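Colleague: Work out the full structure: start from the sequences and follow the hints.
For reference, the chains in residue letters:
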Amino acid sequence: MNLLRKWKTQILIFLAVVGPGIITANVDNDAGGILTYSQAGAKFGYSLLWTLIPITVALIVVQEMVARMGVVTGKGLADLIREEFGFRMTFFLMLMLLIADLGNTISEFAGLASGMSVLGVSRYLAVPAGAFIVWALVVRGTYRTVEKVFLLACFFYASYPLSAYLAHPSWKLALVNTVKPSFHFDAPYLYMLIGLVGTTIAPWMQFYLQSAVVEKGISPKDYFHSRLDVIVGCILTDVVAFFIILACAVTIFATGPRDVVDPGDAAIALRPLAGQAASWLFAFGLCNASLFSAAILPLATAYYVCEGLGFESGINKKFREAPAFYSLYTALILVGALAVILLREAYQIPIIMLSQVINGILLPFVLIFMLRLANNEELMGAYRNTRFLNVIAWTTCLVVIALTMILVLSTVFPGYFK
Amino acid sequence: MFYLTEILGLPVYDSLGTKAGRIGELAVALGTQPPRVAMLLLEGEKGKVPSAVPLEAMATLTGSEIRLRIPKEEIRPFHPDESLLLLRKDLLDQQIIDVHGRKVVRVNDLTLEQRPWNHHTELLLHEVDIGLRGALHRLLTGAVPKALLRKLEAHLKPAVISWEFVNLIESDPHRRVKLNISHHLLTKLHPADLADIVEELSHKERQAIIAALDDVTAAEALSEVDPRMQVSIVESMDTSRAADIVEEMPPDAAADLLGDLSEETSSELLEDMGQKEAAELGELLEFHEKSAGGLMNTDYVAIPSACDVQTARSLIASNSEFPKSFNMVFLMDEEGKFAGAVTLPKLIFTLPSEKMLGLRSEPMLSVPADAPEQEVVELFDKYNLLSLPVLDPEQRILGVITVDDIVSLLRKKR
Numbered sequence: 467m468n469l470l471r472k473w474k475t476q477i478l479i480f481l482a483v484v485g486p487g488i489i490t491a492n493v494d495n496d497a498g499g500i501l502t503y504s505q506a507g508a509k510f511g512y513s514l515l516w517t518l519i520p521i522t523v524a525l526i527v528v529q530e531m532v533a534r535m536g537v538v539t540g541k542g543l544a545d546l547i548r549e550e551f552g553f554r555m556t557f558f559l560m561l562m563l564l565i566a567d568l569g570n571t572i573s574e575f576a577g578l579a580s581g582m583s584v585l586g587v588s589r590y591l592a593v594p595a596g597a598f599i600v601w602a603l604v605v606r607g608t609y610r611t612v613e614k615v616f617l618l619a620c621f622f623y624a625s626y627p628l629s630a631y632l633a634h635p636s637w638k639l640a641l642v643n644t645v646k647p648s649f650h651f652d653a654p655y656l657y658m659l660i661g662l663v664g665t666t667i668a669p670w671m672q673f674y675l676q677s678a679v680v681e682k683g684i685s686p687k688d689y690f691h692s693r694l695d696v697i698v699g700c701i702l703t704d705v706v707a708f709f710i711i712l713a714c715a716v717t718i719f720a721t722g723p724r725d726v727v728d729p730g731d732a733a734i735a736l737r738p739l740a741g742q743a744a745s746w747l748f749a750f751g752l753c754n755a756s757l758f759s760a761a762i763l764p765l766a767t768a769y770y771v772c773e774g775l776g777f778e779s780g781i782n783k784k785f786r787e788a789p790a791f792y793s794l795y796t797a798l799i800l801v802g803a804l805a806v807i808l809l810r811e812a813y814q815i816p817i818i819m820l821s822q823v824i825n826g827i828l829l830p831f832v833l834i835f836m837l838r839l840a841n842n843e844e845l846m847g848a849y850r851n852t853r854f855l856n857v858i859a860w861t862t863c864l865v866v867i868a869l870t871m872i873l874v875l876s877t878v879f880p881g882y883f884k
Numbered sequence: 286m287f288y289l290t291e292i293l294g295l296p297v298y299d300s301l302g303t304k305a306g307r308i309g310e311l312a313v314a315l316g317t318q319p320p321r322v323a324m325l326l327l328e329g330e331k332g333k334v335p336s337a338v339p340l341e342a343m344a345t346l347t348g349s350e351i352r353l354r355i356p357k358e359e360i361r362p363f364h365p366d367e368s369l370l371l372l373r374k375d376l377l378d379q380q381i382i383d384v385h386g387r388k389v390v391r392v393n394d395l396t397l398e399q400r401p402w403n404h405h406t407e408l409l410l411h412e413v414d415i416g417l418r419g420a421l422h423r424l425l426t427g428a429v430p431k432a433l434l435r436k437l438e439a440h441l442k443p444a445v446i447s448w449e450f451v452n453l454i455e456s457d458p459h460r461r462v463k464l465n466i467s468h469h470l471l472t473k474l475h476p477a478d479l480a481d482i483v484e485e486l487s488h489k490e491r492q493a494i495i496a497a498l499d500d501v502t503a504a505e506a507l508s509e510v511d512p513r514m515q516v517s518i519v520e521s522m523d524t525s526r527a528a529d530i531v532e533e534m535p536p537d538a539a540a541d542l543l544g545d546l547s548e549e550t551s552s553e554l555l556e557d558m559g560q561k562e563a564a565e566l567g568e569l570l571e572f573h574e575k576s577a578g579g580l581m582n583t584d585y586v587a588i589p590s591a592c593d594v595q596t597a598r599s600l601i602a603s604n605s606e607f608p609k610s611f612n613m614v615f616l617m618d619e620e621g622k623f624a625g626a627v628t629l630p631k632l633i634f635t636l637p638s639e640k641m642l643g644l645r646s647e648p649m650l651s652v653p654a655d656a657p658e659q660e661v662v663e664l665f666d667k668y669n670l671l672s673l674p675v676l677d678p679e680q681r682i683l684g685v686i687t688v689d690d691i692v693s694l695l696r697k698k699r
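Just so you know, the sequences run in chain order U and P. The first sequence begins at 467 in the working numbering and counts up by one. The second sequence begins at 286 in the working numbering and counts up by one.
Hint data in this document are derived by calculation from the structure and do not stem from the laboratory. All values derive from a computational prediction rather than experimental measurement. Just so you know, even glycine gets a beta-carbon here, dropped at the ideal spot from N, CA and C. Check before you lean on any hint, since a few could be wrong.
[What the hints assert, rightly or not] One side of the interface only, derived from the structure: several residues of chain P facing chain U at Cβ under 7 Å:
hint, residue
1, R391
2, R423
3, L424
4, E485
5, S487
6, H488
7, S517
8, T583
[Unchecked claim] Here are the simulated DMTMM-like pairs of lysine to aspartate or glutamate, each with C-alpha atoms no more than 20 Å apart in a straight line:
hint, chain 1, residue 1, chain 2, residue 2
9, U, K682, P, E358
10, P, K489, U, D652
11, P, K698, P, E485
12, P, K388, U, E681
13, U, K784, P, D481
[What the hints assert, rightly or not] Here are some chain U residues the structure puts well away from chain P; computed CB gaps all over 10 Å:
hint, residue
14, I488
15, E549
16, Y631
17, G683
18, L775
19, L869
Modeller: Written out as structure tokens, the structure reads:
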């Protein structure tokens, strides 16, 4: 009896702690993710594969920092920023993030519309239905069970490695390009690069991860498990990214590099695996990813904005008790859905890409705050950043800022860097 | 009346008119009610210790500047004093407990009042602003002209807490003592509200609050806290304190908690507890969670069945403590077996000379310890019960199940 109980507790602890990282990793592969990676492969072939390793390293560093802060302080990221940097800074940061997250929400609904259009459902039906389902799911509180269903459906991502394998890529070329960097200074390349960073290391995800860690109540003792969970999650995300890029490179780029203009284009990547059914398979995966993220992203945003600005928040509260929280959440969904319904279909995918680039541009700002916090001895005690982590994190910051500036310059003065 | 953020950053001029610096911080002594500002701290240059001026040295305070009565040379560097609360560092943007509103809130701004006293002015801590007005003020101050700002703010309803309802949260126990933070205000809160507040805080802050509470209040609050959090709180406490608290908890809540803890921790706790309590809990733990035995409480009131109402009343009144949810008195015959139950209202409205046996509720309801919880719930519903005794095979009372446990059970099922 005693032995059984002990085992049960051990497994429960592991399961309870295994969670935030893996979930965040799956949410990371949202509509924006799938389409950005597809574009990277379709338009640039193998030449962007080298970015995955540095981006994965940066992702691991950033997410581990955030998880560690959550475990040690027991507070969310927005809370910490408010307490250390004051109201004004927090307000402006929240405003920027709100705009970025609105873009992300629009991109999720755009993904839903895209996917559904492949299945023959008009966006005028799909988007309102999707918005309503997501809103009702969360507000009704049955979200947890649905999370499980969504996660299961994420096995869809396994179709990419399979498809890539069946497409007979030049593995040697792929591997060479994964380690050897090649760099162009033209605007489209930079735009893509920043988008890749932004979709993988999305700012809102850091807030979400820290809150998830805090909610699980992981104590510093159990920290090792959650660290493992975070690292595994990051690697998983980028393995999926690798195969999406590879599959698109082999199937689309090889036959003629072009932009991914509609979901049908991106679905070609799955032809080796699914043949004619490729577009259906792709549509399914895209809709699943979009709905899942559409459920989490606005909610996470509402939570951390309210946290930072000091408004009452919580799904368990009634509207009357947490008006700002519910209004913000509902507004995000409404505006997001409306924007997609009213937008011309041709703009859907470009908007998705743009939202990821905005994520990338905002990342350094959030990173700087995070670095100041994670190095704060009073706050973190013995758990503060090591020099190695700081170097990587600061480098990521500076690189992204540099890329952004070069992008702006290249757009304003085309050909400046030739 | 000044906002703290209006005072911070104000230029300071000495008695001769030379600029001495800018206000970087206000240090407050918490001894008085309301607390008074003890020192003005001037921003030091980077890396240097800030200088401090006692409030008595201040001559005037206006919206645009502060004038001192002493020359610049007399300003001394600041000796860090742990018994002083630093308003910007320790209070602004931090979380505090609003005892009146019974929740955890974040400080947007503070208001201070000037009061003439003894040939100079005093600055007193007046209210804590937790609402939109303070937030707007923080945001726009400096960017928008003062007059316009005040006009905008006038449109917003103030959300403020008077200082007397504020309970500070300080994680460092050493500092807590220095600042003289007592939590006697918290003891006035209902345990369920206190539990809500505790649940909202971070790990360290939670430990800090519970460490500062007395055992009884801590036990009451802990019983109402979410079970998972209960476990993490108890695991982080040292065993002897945890044992003291668990002893004070109602036995059914304590048994549930012990059941959720790791083997190691629960046996350590049982060892540390008083013999009697440990034995009681040990017995309760023997019962299956989802049975009548797992739901019951071993605290109940039982009197001999042959009593009359007057004797019964005095017997009950002679107790110094009562079980939680006390609404029924049990009767025992000479062999100690269950002989019926009498609801308290009957005890109040009947003549003193009446016999207790005549007041018994009919039918005589009870359940065995191994009855499944579903059966218990159905009995409560069918007979509209508030309490139900649990009997052993020889019809002796083991404990009582009260309606609040049934309500929690039903909510969990949804």
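Colleague: Does each hint hold? Answer for all of them.
Modeller: Results for each hint:
no. : hint                : verdict
1   : R391                : 4 Å, holds
2   : R423                : 4 Å, holds
3   : L424                : 6 Å, holds
4   : E485                : 9 Å, violated
5   : S487                : 3 Å, holds
6   : H488                : 4 Å, holds
7   : S517                : 5 Å, holds
8   : T583                : 23 Å, violated
9   : K682(U) <-> E358(P) : 55 Å, violated
10  : K489(P) <-> D652(U) : 51 Å, violated
11  : K698(P) <-> E485(P) : 24 Å, violated
12  : K388(P) <-> E681(U) : 18 Å, holds
13  : K784(U) <-> D481(P) : 15 Å, holds
14  : I488                : 20 Å, holds
15  : E549                : 5 Å, violated
16  : Y631                : 44 Å, holds
17  : G683                : 5 Å, violated
18  : L775                : 7 Å, violated
19  : L869                : 32 Å, holds
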